[in-house]
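Colleague: Here are the chains, one letter per residue:
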Amino acid sequence: EDQVTQSPEALRLQEGESSSLNCSYTVSGLRGLFWYRQDPGKGPEFLFTLYSAGEEKEKERLKATLTKKESFLHITAPKPEDSATYLCAVHPSTSGTYKYIFGTGTRLKVLA
Amino acid sequence: DAGVIQSPRHEVTEMGQEVTLRCKPISGHNSLFWYRQTMMRGLELLIYFNNNVPIDDSGMPEDRFSAKMPNASFSTLKIQPSEPRDSAVYFCASRQGEQPQHFGDGTRLSIL
Numbered sequence: 191e192d193q194v195t196q197s198p199e200a201l202r203l204q205e206g207e208s209s210s211l212n213c214s215y216t217v218s219g220l221r222g223l224f225w226y227r228q229d230p231g232k233g234p235e236f237l238f239t240l241y242s243a244g245e246e247k248e249k250e251r252l253k254a255t256l257t258k259k260e261s262f263l264h265i266t267a268p269k270p271e272d273s274a275t276y277l278c279a280v281h282p283s284t285s286g287t288y289k290y291i292f293g294t295g296t297r298l299k300v301l302a
Numbered sequence: 010d011a012g013v014i015q016s017p018r019h020e021v022t023e024m025g026q027e028v029t030l031r032c033k034p035i036s037g038h039n040s041l042f043w044y045r046q047t048m049m050r051g052l053e054l055l056i057y058f059n060n061n062v063p064i065d066d067s068g069m070p071e072d073r074f075s076a077k078m079p080n081a082s083f084s085t086l087k088i089q090p091s092e093p094r095d096s097a098v099y100f101c102a103s104r105q106g107e108q109p110q111h112f113g114d115g116t117r118l119s120i121l
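Protein chains in written order, with the numbering used here: chain P, 191 to 302; chain F, 10 to 121.
Okay, chain P solo, but in the shape it has when bound (with noise of 0.2 Å):
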């Protein structure tokens, strides 16, 4: 069965203490995977998005790596403005053009 999960449920850091969100999928073939981030209130906004082992994408403090079985969301000097929940999300190729299977997140906090 075709499963995400995200660790650690919940992390709090100091502003500017750098750390690694991860992503651990099970899924017969890997069309994609897809980073979110999302504030109280409002719908996943979409970060990035990776298709293959290897392959990396920067977003100013954000970088979000790619491997066979997991992906990694790092933080870089994080600012109290990137407080949120961290969704990933998988994109099967078994499961034709459009399922995404979503990790129930990461909620970060970050302290001034």
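One or more of the hints may lead you astray.
Keeping only pairs whose Cα atoms sit at most 35 Å apart, straight-line, the calculated DSBU-like set for lysine-lysine is [stated by the list, open to error]: (1) P/Lys247 x P/Lys299; (2) F/Lys77 x P/Lys289; (3) P/Lys232 x F/Lys77.
Because the hints were derived from the structure by calculation, they are not lab data.
Based on the hints, put chain F in the right spot on chain P.
Modeller: What follows is chain F alone, placed relative to chain P:
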């Protein structure tokens, strides 16, 4: 560009009432998704439309749930009759081709 627009943002109603949630996808997007988000189960796909045609409604929990997409710029999700366990945040997302899904800000539904 306007994003995905959902209404209402909040809905509180009594058990047994009919609830209708509305979604306007991003112009030019040919796929539309309805999701339900809860703390316990995260984001769950309810139904997927492609070019206004329902392709996969296997995630619709019961016959009390129905969805329509009468044209490319409008979709509804209806619950009749509503029950307290339907309380959740309902999201609509759209995309063009195989681009990432873009989400609205959701409808927070409370059934008393």
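Colleague: Work down the list of hints and note, for each, if the structure agrees.
Modeller: How the hints compare with the structure:
no., hint, result
1, P/Lys247 x P/Lys299, "22 Å, holds"
2, F/Lys77 x P/Lys289, "19 Å, holds"
3, P/Lys232 x F/Lys77, "24 Å, holds"
Hint compliance for this structure: every hint is met.
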